Amino acid sequence: FFFDSVVVLWEVMEGSTFDCKWLLLPSEEAKAARLSLALEKLHVGAAELDNLKPQRRVYHQQGNIFFLSKREEVKKKVAAETEEKEALQQMTAANVMQLKQGVTEHKLQFMPTY
Numbered sequence: 001f002f003f004d005s006v007v008v009l010w011e012v013m014e015g016s017t018f019d020c021k022w023l024l025l026p027s028e029e030a031k032a033a034r035l036s037l038a039l040e041k042l043h044v045g046a047a048e049l050d051n052l053k054p055q056r057r058v059y060h061q062q063g064n065i066f067f068l069s070k071r072e073e074v075k076k077k078v079a080a081e082t083e084e085k086e087a088l089q090q091m092t093a094a095n096v097m098q099l100k101q102g103v104t105e106h107k108l109q110f111m112p113t114y
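Note that the sequence shown ends on residue 114 in the numbering used here; no numbers are left out.
Treat the hints as calculated values from the structure; they're not laboratory data.
From a predicted model like this one, the values you see are computed outputs, not experimental measurements.
Glycine included, each C-beta is placed from N, C-alpha and C at the ideal position.
It cannot be assumed that every hint is accurate.
To be verified - Pairs of lysine to aspartate or glutamate, EDC-like flavour, derived with a Cα cap of 20 Å:
id: 1; residue 1: K41; residue 2: E84
id: 2; residue 1: K85; residue 2: E73
id: 3; residue 1: K85; residue 2: E28
id: 4; residue 1: K76; residue 2: E86
id: 5; residue 1: K41; residue 2: E73
id: 6; residue 1: K41; residue 2: E29
What the hints assert, rightly or not - Across the chosen pairs, the derived CB separations fall in these ranges:
id: 7; residue 1: N95; residue 2: D50; range: 24 to 34 Å
id: 8; residue 1: S69; residue 2: Q109; range: 47 to 57 Å
id: 9; residue 1: E73; residue 2: L99; range: 33 to 43 Å
id: 10; residue 1: E40; residue 2: M91; range: 50 to 60 Å
id: 11; residue 1: L68; residue 2: G102; range: 48 to 58 Å
id: 12; residue 1: N95; residue 2: E40; range: 40 to 50 Å
id: 13; residue 1: R34; residue 2: K100; range: 14 to 24 Å
From just these sequences and the hints, can you work out the full model?
In structure tokens:
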């Protein structure tokens with residue numbers, strides 16, 4: 001397994017016959033964490049753009065090249081990218097919740113009862 005594609009969680013189950021258990025989940029949680037970090041960077045960038053003078057020109061990166069652009073154009077691009085990433089983050093969060101629900105149901109099904 002590649003650790004980029006798998007998140008390893010360590011769970012301690014008190015009061016059961018298992019002291020601890022390894023649980024492998026798909027990379028949805030890692031994807032959600034990366035999206036959260038990217039969204040935080042976009043929010044900081046938008047806040048910095050808001051603090052600039054209206055006539056100020058800024059550099060905007062496209063690929064490996066920086067272009068001199070108007071502040072308003074860059075604000076629109078950042079807002080569109082933020083909306084796109086927020087929608088993707090909501091879908092990823094829903095997938096994580098669905099995976100966790102499936103794991104919980106699996107535990108309940110196979111956990112020994114005393």
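Hint by hint, here is what the structure shows:
Taking the CA atoms of K41 and E84, the gap is near 14 Å; set against the 20 Å cutoff, the hint holds. The suggested pairing of K85 with E73 holds, with an alpha-carbon distance near 19 Å, which does not exceed 20 Å. Distance hint between K85 and E28 is fulfilled; the C-alpha atoms sit about 14 Å from each other, no more than 20 Å. The straight-line distance between the Cα atoms of K76 and E86 is roughly 15 Å, inside the 20 Å bound, and the hint therefore holds.
Pair hint K41 plus E73 holds up; C-alpha atoms about 18 Å apart against a cutoff of 20 Å. The hinted pair formed by K41 and E29 meets the criterion: a straight-line CA distance of about 19 Å does not exceed 20 Å. Separation of N95 from D50 is about 32 Å and conforms to the stated range, judged on CB atoms against 24 to 34 Å. For S69 and Q109, the Cβ-Cβ distance of about 56 Å falls inside the hinted range of 47 to 57 Å, so the restraint holds.
Hint check: E73 to L99, Cβ distance near 39 Å, so the stated range 33 to 43 Å holds. Between E40 and M91, the C-beta spacing of about 18 Å breaks the proposed range 50 to 60 Å. Separated by about 50 Å at the C-beta atoms, L68 and G102 satisfy the suggested range of 48 to 58 Å. The supplied range of 40 to 50 Å is broken by N95 and E40, whose beta-carbon atoms lie about 20 Å from each other.
Separation of R34 from K100 is about 18 Å and conforms to the stated range, judged on CB atoms against 14 to 24 Å.
Figure legend: structure checked against the earlier numbered hints; hints not met, in rising order: 10, 12.
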